[in-house]
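For what it's worth, the numbering used here labels the leading residue of the sequence shown as 1, then goes sequentially.
It cannot be assumed that every hint is accurate.
Using 30 Å as the maximum straight-line C-alpha spacing, the simulated DSSO-like pairs for lysine-lysine come out as follows [as the list claims (entries may be wrong)]: (1) Lys144 - Lys68; (2) Lys199 - Lys166; (3) Lys344 - Lys197; (4) Lys415 - Lys359; (5) Lys166 - Lys303; (6) Lys199 - Lys303; (7) Lys415 - Lys441; (8) Lys344 - Lys441; (9) Lys539 - Lys504; (10) Lys441 - Lys539; (11) Lys344 - Lys161; (12) Lys344 - Lys364; (13) Lys503 - Lys161; (14) Lys415 - Lys306; (15) Lys415 - Lys344; (16) Lys197 - Lys161; (17) Lys166 - Lys133; (18) Lys539 - Lys166; (19) Lys503 - Lys199; (20) Lys300 - Lys344; (21) Lys133 - Lys306; (22) Lys441 - Lys359; (23) Lys144 - Lys161; (24) Lys522 - Lys504; (25) Lys161 - Lys199; (26) Lys166 - Lys300; (27) Lys539 - Lys161; (28) Lys556 - Lys539.
Hints listed in this document are in silico derivations from the structure and should not be mistaken for laboratory results. Fair warning: this is a prediction, and the values are worked out from it, not measured in the lab.
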Amino acid sequence: MPAQKRLEGIKVQKQIHNIYMTLLPRQIASYVKSTSGQIIDDIRATEERLIESLAALNSITNHLFFRKYEPFGRTVPYALVCLLVEPILLCLVQAYVSPVRWTRYLFTYGAFYASLLSSIILYRLSPFHPLAKVPGPMMHKVSKLWSVWICWQGRQHTEFKAMHDKYGPVVRTGPNEISVVDPSAVNDVLGAGGLPKGKWYLARQDERAPSNLLTLTGEKHANRRESGIEGSMQMLSKNTMRSSPKVLRCSLKDPSPLGIAGGGMTLMLIISELPPTTFYLHSFDFMAEFVFGGGSDMLKEGKDKKEILELLEHHMITGALVAHIPWFFYLGNRIPRATEATLKMRAYAVEWVQTRLAKGAKVKDLWYHLTDEAAREKEEHPLMKEVVADALLAIVAGADTTSVALTNFFYMILKHPEHYQRVQEEVDRVYADGDATDVSKQSRLKYLSACLNPECFYPRTDDFVPSRWLSANNSDSDSEDHKRHNRKAFLSFSSGPANCVGKKLARQEMLMVISLLMQRFKFTFAQDFDWEQWPETMKDFFATSRGPLRVVARTKS
């Protein structure tokens with residue numbers, strides 16, 4: 001019995017041993033499997049975090065690179081391709097190292113752009129930015145997109161004034177842009193040896209067209225200006241106003257094209273509106289006469305058949321928007337709809353040039369001097385495409401700005417009848433003989449000139465005070481205002497090497513137009529016109545857009 005029990009015990013031990021030896025490898029294998037799975041998961045998680053960290057690091061590297069070498073012009077597409085392809089390459093690396101769910105790829109893609117955006121914003125708001133100490137709204141410090149939105153609404157003039165009222169004479173209006181309203185900075189910025197033109201101007205240059213004086217910089221600008229338009233303007237200074245009387249007389253003989261005919265000798269003038277009316281039509285006709293010796297009869301016909309002025313406004317708005325984001329201009333030029341106005345204007349310019357060439361050198365207009373048709377004033381003739389570019393610029397710049405100034409002038413004197421009466425008396429006195437085309441007498445139009453100058457000048461920036469522009473010893477001047485009135489801040493025609501070459505021409509044209517019209521008509525606001533709200537219709541797109549100014553003009557006996 002004892003021996004049998006021992007044998008059974010030994011059998012049981014062997015069975016237990018066999019069972020244990022059978023289960024042990026499975027336990028070990030299971031343990032190893034579970035442990036290795038955890039290790040693999042940890043490795044994959046580490047790899048994913050590494051890829052995401054690499055995406056963030058790569059985006060910061062991109063920010064540092066493009067901050068130093070900002071994309072512009074032809075480099076913009078390459079920069080965009082890099083920013084699109086780089087996160088895709090990171091996702092491909094991630095898929096090769098350890099395939100994961102597609103959501104992880106999206107996370108990696110998002111991490112790249114989130115890190116890039118965060119890096120840009122943090123730097124622009126950080127104390128390390130060169131403009132960190134310049135006050136300004138946070139939204140403007142972060143991005144220029146806010147400025148684009150303001151520009152799109154045409155509120156640049158009001159928003160910038162509000163910012164300066166709040167922050168002072170120097171305001172940060174963009175990540176790398178400041179606005180200055182201190183007259184002492186004029187010479188440092190605009191004077192000889194001042195700052196070069198920024199990309200705000202360069203963005204307006206269509207690479208498919210030659211540069212004009214607006215977009216040229218440095219020595220090229222100086223050479224083109226001296227040998228081109230500026231020299232031509234000087235040659236035309238003695239008989240420069242030959243065109244305006246010719247353009248105006250055709251309308252004063254038959255005034256109906258000036259506006260919408262009313263009863264008898266009364267006319268309803270809409271002197272500021274698009275579709276264009278009186279001053280727009282006159283200014284464009286005048287500049288076409290001055291530059292090409294004719295080719296535009298809008299004022300005589302009473303309308304703009306080719307819708308050129310509407311194209312101009314569209315072109316101005318587009319240029320104003322892309323100027324805030326210069327890198328986008330290169331891409332915008334590839335959008336047919338965006339360049340439609342520019343291409344049409346260029347086609348019209350070519351048409352005017354062909355018409356002018358067919359006429360020959362019968363009239364010594366601006367084209368005559370720019371191209372040296374006399375073949376004696378220049379040793380080297382300028383390129384035809386450059387002359388066309390400058391001639392078109394002269395028409396655009398001269399037509400729009402003059403019409404705006406004339407419109408504002410009539411609004412202000414009609415709003416203030418006492419000033420209207422003073423101007424009327426001065427015109428009647430200076431041109432008692434009736435010849436308001438005599439520019440030699442314009443120097444005697446003191447009060448008219450004072451009314452033509454800007455209203456928004458310190459002190460009393462919201463008041464129309466023509467007397468501030470009169471000499472200090474004049475009985476009409478306010479001596480206290482004169483003590484604080486700084487004429488160096490008068491920059492309607494800019495200053496320095498880039499000042500307006502047509503300043504004298506524009507002023508003579510405006511004084512002549514005003515004198516001729518006030519000799520012939522008596523003006524009042526239309527009865528149904530809400531003139532108090534008219535300033536609210538003004539919009540700033542670099543050039544000024546505004547609503548209709550409805551005026552009744554009655555012919556004098």
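Verification of the hints:
Between Lys144 and Lys68, the direct Cα distance comes to roughly 18 Å. Compliance with the 30 Å bound is thereby established for this hinted pair. Distance hint between Lys199 and Lys166 is fulfilled; the C-alpha atoms sit about 27 Å from each other, no more than 30 Å. The straight-line distance between the Cα atoms of Lys344 and Lys197 is roughly 27 Å, inside the 30 Å bound, and the hint therefore holds. Under the criterion of a C-alpha separation no larger than 30 Å, the hint pairing Lys415 with Lys359 is inconsistent with the structure, at around 45 Å.
At roughly 44 Å between alpha-carbon atoms, Lys166 and Lys303 are farther apart than 30 Å, so this suggested pair is violated. With a C-alpha separation of about 36 Å, the suggested pair Lys199 and Lys303 falls outside the 30 Å cut-off, and the hint is violated. Distance check on the hinted pair: Lys415 and Lys441 sit about 27 Å apart at the alpha-carbon level, within 30 Å; holds. A distance of roughly 41 Å separates the Cα atoms of Lys344 and Lys441; the hinted pair therefore is violated under the 30 Å criterion.
For the proposed pair Lys539 and Lys504, the alpha carbon gap of about 26 Å is at most 30 Å, so the pair holds. Pair hint Lys441 plus Lys539 does not hold up; C-alpha atoms about 35 Å apart against a cutoff of 30 Å. Distance check on the hinted pair: Lys344 and Lys161 sit about 35 Å apart at the alpha-carbon level, beyond 30 Å; violated. The straight-line distance between the Cα atoms of Lys344 and Lys364 is roughly 27 Å, inside the 30 Å bound, and the hint therefore holds.
Among the hinted pairs, Lys503 with Lys161 is consistent with the structure: their alpha-carbon atoms are about 26 Å apart, no more than 30 Å. The hinted pair formed by Lys415 and Lys306 fails the criterion: a straight-line CA distance of about 34 Å is larger than 30 Å. At most 30 Å may separate the alpha-carbon atoms for a hinted pair to count; Lys415 and Lys344 exceed this at roughly 38 Å. At most 30 Å may separate the alpha-carbon atoms for a hinted pair to count; Lys197 and Lys161 meet this at roughly 23 Å.
Annotation: proposed proximity of Lys166 to Lys133 holds, straight-line Cα distance about 15 Å (limit 30 Å). A C-alpha spacing of about 22 Å is found between Lys539 and Lys166, which places the hinted pair at or below 30 Å, so the restraint holds. Simply put, Lys503 and Lys199 have alpha-carbon atoms about 25 Å apart, close enough for the 30 Å limit, and the pair holds. For the hint pairing Lys300 with Lys344, the CA-to-CA distance comes to about 23 Å; that is within 30 Å, so the pair holds.
Note on Lys133 and Lys306: the hinted pairing is violated, with a Cα-Cα distance of about 51 Å set against a maximum of 30 Å. Restraint check: the Cα-Cα separation between Lys441 and Lys359 comes to about 33 Å, which exceeds 30 Å; the hinted pair is violated. For the hint linking Lys144 to Lys161, the alpha-carbon distance of about 17 Å falls within 30 Å, and the restraint holds. Restraint check for Lys522 and Lys504: satisfied, since their Cα atoms lie roughly 27 Å apart, inside the 30 Å limit.
Note on Lys161 and Lys199: the hinted pairing holds, with a Cα-Cα distance of about 23 Å set against a maximum of 30 Å. Using a Cα cut-off of 30 Å, the hinted pair Lys166 and Lys300 is violated, with the two alpha carbons roughly 48 Å apart. Restraint check: the Cα-Cα separation between Lys539 and Lys161 comes to about 14 Å, which is no more than 30 Å; the hinted pair holds. Proximity of Lys556 to Lys539 is assessed by CA-CA distance (about 34 Å); at most 30 Å being required, the pair is judged violated.
In this structure, the earlier hints numbered 4, 5, 6, 8, 10, 11, 14, 15, 21, 22, 26 and 28 are contradicted, and the remaining ones agree with it.
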